[in-house]
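There are 2 protein chains.
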Amino acid sequence: MRLSRRHPRYESLIVRAGLARAFREGLVVPEGLIAQGRGEAFDYFLGERTTASARRAERIAALWLWAAERPVVSVNGNVVALAAHEVARLARIHPRLGVEVNLFHRTPARARAVARTLRSAGVRRVLGVRPTVRIPGLPSDRATADREGIYRADVCLVPLEDGDRTAALRARGQRVISIDLNPLSRTSQTADLPIVDEVRRALRNIGDDLSTLVRRGSARAMPPFDRHAALADAIRTMDRRLIRAARGPMPRKRAGR
Amino acid sequence: MRLSRRHPRYESLIVRAGLARAFREGLVVPEGLIAQGRGEAFDYFLGERTTASARRAERIAALWLWAAERPVVSVNGNVVALAAHEVARLARIHPRLGVEVNLFHRTPARARAVARTLRSAGVRRVLGVRPTVRIPGLPSDRATADREGIYRADVCLVPLEDGDRTAALRARGQRVISIDLNPLSRTSQTADLPIVDEVRRALRNIGDDLSTLVRRGSARAMPPFDRHAALADAIRTMDRRLIRAARGPMPRKRAGR
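Protein chains in written order, with this note's numbering: chain C, 1 to 257; chain R, 1 to 257.
With the rest of the complex left out, here is chain C:
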């Protein structure tokens, strides 16, 4: 379709067009596009920027990933469509970080397409293309995992994850860092370290922090993280913007961050 640059939501429509393309390439499922829309609405309320509280969570996430013995980042269709390069950068900076394909709507062809895109972006080893084990307590094909990856990971970074799966990982004693724009989702409510931020912004920030840790050569002392405070802060930010919006038009994204 032709899209006029005069359209006031041109930029956001272009992001949508990109996801639609990923959809046509078989990376993203229809349900994934709907989930993206939900995220867009929450990001709109957040002001389409990283809050100070999310930025703190991202810094601690980098420390957790750096200190972990077997850290893994889980990648689904939406994550690879939106942030394949950000994932590849994390894996480059942090060579012990496993990268595992993890699809809610899994078909072998889709798993291969996601892996192909990750490899094109520079990920050397992609786990989970042929799952080798099942995570207990999960129904259907969402239980599948890689014995070398998420299954034995001590810290899992799960962007845009399903609540069931987050809960199942937690039940196994694994530490879960989530990236989810909805502070009220079961994923955010269940994760040990919920990051309420857009996936590309969050992964870029975590990458920046990992770079700093690599340069320093040693991890700093681990600061405490209050998950309830972090979630409450995200909700308060959305609420403040709503109240402001009720008085006048909502300000769009600002420069910086």
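What the hints contain is simulated information worked out from the structure, not anything from laboratory work.
From a predicted model like this one, the values you see are computed outputs, not experimental measurements.
From the three backbone atoms N, C-alpha and C, an ideal C-beta is built for every residue, glycine too.
It is possible that some hints are incorrect.
As the list claims (entries may be wrong) - Which chain R residues face chain C? A few, computed with CB under 7 Å, are given here:
id: 1; residue: Ala20
id: 2; residue: Phe23
id: 3; residue: Ile34
id: 4; residue: Ala35
id: 5; residue: Arg38
id: 6; residue: Phe42
id: 7; residue: Leu184
id: 8; residue: Met238
id: 9; residue: Asp239
id: 10; residue: Ala245
id: 11; residue: Ala246
To be verified - Only some residues are given here: those of chain C computed to face chain R with a beta carbon under 7 Å:
id: 12; residue: Arg16
id: 13; residue: Asp239
id: 14; residue: Ala246
Position chain R relative to chain C; hints supplied.
Just chain R now, kept in the frame of chain C:
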């Protein structure tokens, strides 16, 4: 895909699966699925129910449509996927109501598919399949309309409409009733009578009110409508739920309404 009934968001996932099916049938475009997700998030904040203020707006919408000389309802891919039967019911109750296919991402095949679904649902005459005129002030193919339909309508009911188009209709002096879950969207902000409610709930309520008007045989006096108060009320509802959510888990849909 197989979906477990044990999944806590089973119902909402089933609605998504239905839209995904409509997508595969060519009714809905990828961008439409993303737009649906945005709507879902706003409905979540509304409590997935019709507010008292939206219900008032729907009653007045029925009166406007009933009193109009050439009322038309505009139907796009998402509307037909979600509410073809609700649209057909409106047309059955209110025989003067034109039903026009109006696609943001228009192809002749998609226009035909939307018309076909409307006819299967019971709409006798579908306008706009072959557009005959352009609405001034709109770029690209979104300007197309039916000379017998939206182009000469005095009252247009536009569910899930684009802001540009809403503004162009208003600029021509046509009265616009919108149905849009985002009270801050340009469509809601521009329409004469913005209904902030989910499209199926809104069309069912308007249908009920039209039935009552038909039984009575005459329209009541037209009550005043304060669009700013209606939009502020929707925002306040979302705000109240956010504040409550910050204290504990958000209650899901309740029975009734």
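Here is how each hint holds up against the structure:
1. Ala20: holds (3 Å)
2. Phe23: holds (5 Å)
3. Ile34: holds (4 Å)
4. Ala35: holds (6 Å)
5. Arg38: holds (4 Å)
6. Phe42: This hint holds: phenylalanine 42 of chain R lies near chain C, its Cβ roughly 6 Å from the closest one there, short of 7 Å.
7. Leu184: holds (5 Å)
8. Met238: Because about 6 Å separates methionine 238 of chain R from the closest Cβ in chain C, which is inside the 7 Å limit, the hint holds.
9. Asp239: Since the shortest Cβ distance to chain C is 5 Å, the answer is holds.
10. Ala245: At about 5 Å, which falls below the 7 Å cut-off, the nearest Cβ of chain C leaves the hint on alanine 245 of chain R intact, so it holds.
11. Ala246: holds (4 Å)
12. Arg16: This interface hint holds because 5 Å falls under the 7 Å limit.
13. Asp239: With Cβ-Cβ at 5 Å, under 7 Å, it holds.
14. Ala246: With Cβ-Cβ at 4 Å, under 7 Å, it holds.
Violated hints for the displayed structure: none, as all numbered hints are satisfied.
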